[in-house]
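Student: Here is how the chains run, residue by residue.
Protein chains: 2
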Amino acid sequence: MKKIPIETLRTFITDLWTAWGGRREDAALLADIYTGNSKRRMGHHDIHNLPQRIDAVKNGVIDPKAEITPVASYGAIESWDGHSGAGEISAMHIMKRACDLAEEHGIGFATVRHSNHYLSSAPYVCYAADRGFVGLILAKAGPTMGMPGQKGNLIGQSPMGYAFPTGLDPVMLDICLAYIAYEPLKLLADAGGSVPIHYGVDRDGNPTTSAAELLAGTKYPIGEHKGFGLALLSELLTGVFSYGAILDEGENDRPYRGMTHTAIALKTDALMDRETYRNRADELVKRLRARGEGLHIPGDGSWEAERKTEEAGVFQIEDDLLEKLNDCAKNAPYFTVPVL
Amino acid sequence: MKKIPIETLRTFITDLWTAWGGRREDAALLADIYTGNSKRRMGHHDIHNLPQRIDAVKNGVIDPKAEITPVASYGAIESWDGHSGAGEISAMHIMKRACDLAEEHGIGFATVRHSNHYLSSAPYVCYAADRGFVGLILAKAGPTMGMPGQKGNLIGQSPMGYAFPTGLDPVMLDICLAYIAYEPLKLLADAGGSVPIHYGVDRDGNPTTSAAELLAGTKYPIGEHKGFGLALLSELLTGVFSYGAILDEGENDRPYRGMTHTAIALKTDALMDRETYRNRADELVKRLRARGEGLHIPGDGSWEAERKTEEAGVFQIEDDLLEKLNDCAKNAPYFTVPVL
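Protein chains in written order, with this note's numbering: chain A, 27 to 366; chain B, 27 to 366.
To be clear, the hints were calculated from the coordinates, so they are not data collected in a lab. Warning: the hint list may mix true and false statements.
[Unchecked claim] Partial list, derived from the structure: chain B residues whose beta carbon lies under 7 Å from chain A:
id, residue
1, H131
2, Q176
3, I201
4, I248
5, I272
6, I343
7, L347
8, L348
9, K350
Cβ atoms here follow ideal geometry from the backbone N, Cα and C, with glycine treated the same way.
Can you build the whole structure from these sequences, using the hints too?
Tutor: Following this line, the structure appears as structure tokens:
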């Protein structure tokens, strides 16, 4: 375990992405996104994921030089092509566009195809909330979720999230529509943990409470047909609206290769003045806190972790992660980045 | 049990609403909504609910003469005041507005406060899909849903639904965000049925598989904190954006009395031509059907029931429902409606 100052990691990520061929402004954005999620201690969805991104560049899955280009637009809605760039860059691009469109039309909708994994929803929806908008983002990936009565995986686990500003911390949800996402399930399985019986089935389709057996089997959507129906809406709004991939469409066949995302933003002071909006959004949170003692409002854990990290001023980086990051630094094709 | 021809019931409902003081055009719309849901055999959310609506008129909860008035608008988003009219009328009004706004801006968002129960999401989202739009509707009602670790009810069960057109039947989801809605739970409880253990707790906060004990206790949201987070988004988009009631705010205190709804529509041929959209939406459904044998696509059950009812040409009305409907007809204040 090594303590790395926040700004040191930010500079390291910026240099690393540039050294692997990325544009400087994309590198700065990636550094913001990875340090932001790391401050919130999102585990698998923070700095722990960066070596995988560099691997994806190495393997040609991500093109770090990709430029996002417009496909079609109509009033407050737009579609874009990510040209196999980093998912984080595409996702932030469409959220910015959704906010700009919402500034003009009250609501904005932007979708992108040929993208890649965007880490988690938090960075994009927090960006929107920081600008005073409600931000909602949906992602479509390959089928990793089943349904009771069905064999195997049918549909994506539909990562999604939203944030909205209040007078205090934003409310922020960052989830997928399976009972449990792949990454926390993997951690639980590695630790020999168990899961509630309704989370899914083992590889033979039998009920299980073993995280390891579920990992090898099929996860179910929240509320079964309800979560499945919501995941299907996500497929429509991302895959169909972006004219990108749907369900299991050829991972390697253009035009349907890659992941798709959709961002929606709403102007909070469109129908009332900003103060009225903030008072009402605050009232919503306050009334919930008053009803439930110790009730967890979406985002509570993230803001607490963020404050703790900022107080400490450093990240605690495990030795194996440090080694992976330093390998990425040493092997960069354009220039060598100083190791952490 | 009595067989009532479809058109006879439609005329009866139109006359009944008019005889209770409603405008003729509202009465025709209500008749469409109630016969439509009855064709789809939605049980508690069809003709079975009409006597409750008439009771609400009698008790002054619903004003059948209410006119919906504009509150605020900005580009593609609008808010309206339902002035305590029927929820069905308000909900269809905002969905129509959302579609009109989407025709102009690609996406449309309309919200209404001071509304009432809107029966179910199906009529409004089907209206949008029939016009070629994706339709999404959200409703906010009083807190009827809890959370693990918390006592009692915290938040509304968030009725919601969507529909989108394909080349064949629309895909249509009509759900709430509790594991089980009040009405099906009531039916199950009356029949002495059981529920999965994760659906909620009894009145003392203990786990239960008894539908009757759950009915007297607290229902949980789908996926616990995930469904709770989605319900909170619904509170924001309906209660806050309409400047209406949030959570448990004074059921009888204006300006926060009544229910709030929000409709969102998306133009399906904004980013691609109509044929391309339909082909891709069809492909989504076809690929799902190919992956899952006998897989239920949202709406399948409704379209099958609708076709069966239309073939039969009649509704089967139970004696006790018939008696209630005829009582409403006989006691109407403006004129007496011929009984069924």
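Student: The structure should be examined with respect to each hint, and the outcome stated for every one.
Tutor: Right, here's what the structure says about each hint:
1. H131: Status holds, d = 4 Å.
2. Q176: Given a least distance of 4 Å, the restraint on Q176/B holds.
3. I201: Cβ of I201/B sits 5 Å from chain A, so the hint holds.
4. I248: With Cβ-Cβ at 3 Å, under 7 Å, it holds.
5. I272: Because about 5 Å separates I272/B from the closest Cβ in chain A, which is inside the 7 Å limit, the hint holds.
6. I343: This interface hint is violated because 29 Å lies over the 7 Å limit.
7. L347: Interface hint status for L347/B: violated (28 Å vs cutoff 7 Å).
8. L348: 32 Å, violated
9. K350: 31 Å, violated
Checked against the numbered hints above, the structure violates hints 6, 7, 8 and 9; every other hint is satisfied.
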